[in-house]
Amino acid sequence: MAAPVRSSPRRDGIATEHQRAVRRRRVLLLLGALALVLAGLFLTVGVAGSWEFALRMRSRRLAAMVVVGIAVAVATVLFQTVTNNRILTPSIMGFDSLFVLIQTAGVFWFGAAVISGADVRLRFAVDLVLLVGFGALLHRLLFGRSQRDLYVLVLVGVVLGTLFTSLTLLVSRLIDPNEFITLQDLLFASFNGIDTQLLTLTAVILAAVLLGVVRLLPQLDVVALGQDTAIGLGVEHRRVVNQALLAMAVLVGVSTALVGPLTFLGLLVANLARQLLGTHRHAWTVPGASLLAVIALIGGQLVLEQVFGFNSSLSIVINFVGGIVFIALLTREPRQ
Amino acid sequence: MIRIENVTKSYGDTRVVDDVSLEIPAGGITSVIGANGAGKSTLLSIVARLLAPDTGRVTVDGLDVRTTPGPELARRLAVLRQENSMSVRLTVRELVAFGRFPHCGGRLTPEDRRLVDEAIDWFDLEPFADRHLDQLSGGQRQRAYVAMVLCQGTDYVLLDEPLNNLDMKHAVGMMRMLRRMATELGKTVVLVVHDINFASAYSDRIVAMRDGHVVAEGPTPELMEPAVLRKVFDVEVDVHEIAGQRVGVFWS
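Here the protein sequences line up with chains A and B, keeping their order. The opening residue of the first sequence carries number 1 in our numbering; numbering runs sequentially from there. The opening residue of the second sequence carries number 1001 in our numbering; numbering runs sequentially from there.
No wet-lab data here; the hints were simulated from the structure. Quick caveat: nothing in here was measured; it's all calculated off a predicted structure. Where hints are given, some of them may not hold.
[Stated by the list, open to error] To be clear about the criterion: a stretch of chain B counts as covered by chain A if any three or more of its residues have a C-beta under 8 Å from a C-beta of chain A, and this derived list gives those stretches:
no.: 1; stretch: 1048–1054
no.: 2; stretch: 1070–1079
no.: 3; stretch: 1092–1103
C-beta: ideal position from N, C-alpha, C; glycine also.
With the hints as extra help, turn the sequences into a complete structure.
Right under this line is the structure:
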């Protein structure tokens, strides 16, 4: 027996649940199609010389963008849900600045030559362990019983982030200017020259985390209503928040270790997904935000390669365009 | 039956709930009254397992609220807090549908949808069902929240100041709804209420708290006595029988 569904528009012009569902599906399909088109363009535009070589190189970069896009988007949506706040991103917890500090300290102690020449797998492992370890440590030290403690956690993250940034500034003043140039390259997110094995490893970790996250999605919808309401509706609030934060730390850790800091992208796509889909339900916003992140990364990389001829960085392209979109979004949003 | 045994809760050095033991029988409306800071909301939160007590325990139909799995308890006991600001934007129908979460885990069956529609009808929310909560008046929004709680289909319903911010008309409407929930649907309704006359007119039992203690409890007529009310509120209250109801006069 099917549930009665109202499909005729209401007289007062307010969309019914059914109309909203149709619209959501359409938006998601459109985003999927756009991502596919961009991926196709990315693989084929301006190939000169060997197609086989170009395709192999480009599909590796494409895969990296898909993996990182999804990781950043999911991490941000999770973080915003458990903190009940739409303008926070995991970067506020100091993940980005810790990554920058690790690179800077590495160059300072071992020299740029050693760091650039070191096995990328070793660097990835060190970055990953430190980032995820940092997330787990923050959480273990501070997470108590209630939502209020979550804000303490965020606040400590902010303070530590500032500390990392200051340490980075101190160390980078002590660094040889030539080495500093090498360091700068390490600090911008980049999809060029990614190791295939690392990429595979990241994809496997991402898939495992996503499997866990999918089971959490309906409960996250309830957690977004606030702690008391969630507990009242029988959700084990603390357990869900713990699992979401753990998933977030791993996702931010792998994506940052693979390509560098990109968390602003998360802020952008998480909010854009909610706006476009007109729902808070994670079964929609998580895939929506992931697709948007993939679109932004491929689009940004296309612009970077074809328009600027690699003479810029992906972070700059995305932050520039993303910043404008985000401000437009904020000014358009109806105030309550 | 809700059984509260030796429950204590302190914030810092202040004992907000001090060694309270109380039984709330199944059925009817029980109002918890008392001055600000008497510990009413804290006690309600502890019963609804939103707060952990420092000592003591609470059972609902024999189930310990601290150890019973969340979904199982959520099918017996629903709670509505005073503050319900949400960071997500929901329509009335979406909000009410969340009441079915303990039963369906987020996947609404046709039966769940029917119950959602029923709860919306019950509270006359049909005209606003597809509107967002921030587009409603305070009274409509409050009804939507109570509709969600009703939709949870529990035997026990706990409400923390459901009349907060409601005008006369909506407050009366809300109390009538709660009365119907108790009488027609056989639910046990426990609410924290500030207005002793609403408590007097609509509840079967009253629990009076002061400084973290239960100072009096029993059937409504026994509690609506000047001596009892003076002890609870530290205010002289004349009680008059008007149109078959005990009315406390305390304004002058």
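Worksheet item: Of the hints given before, which are not true for this structure?
Response: No numbers; nothing is violated.
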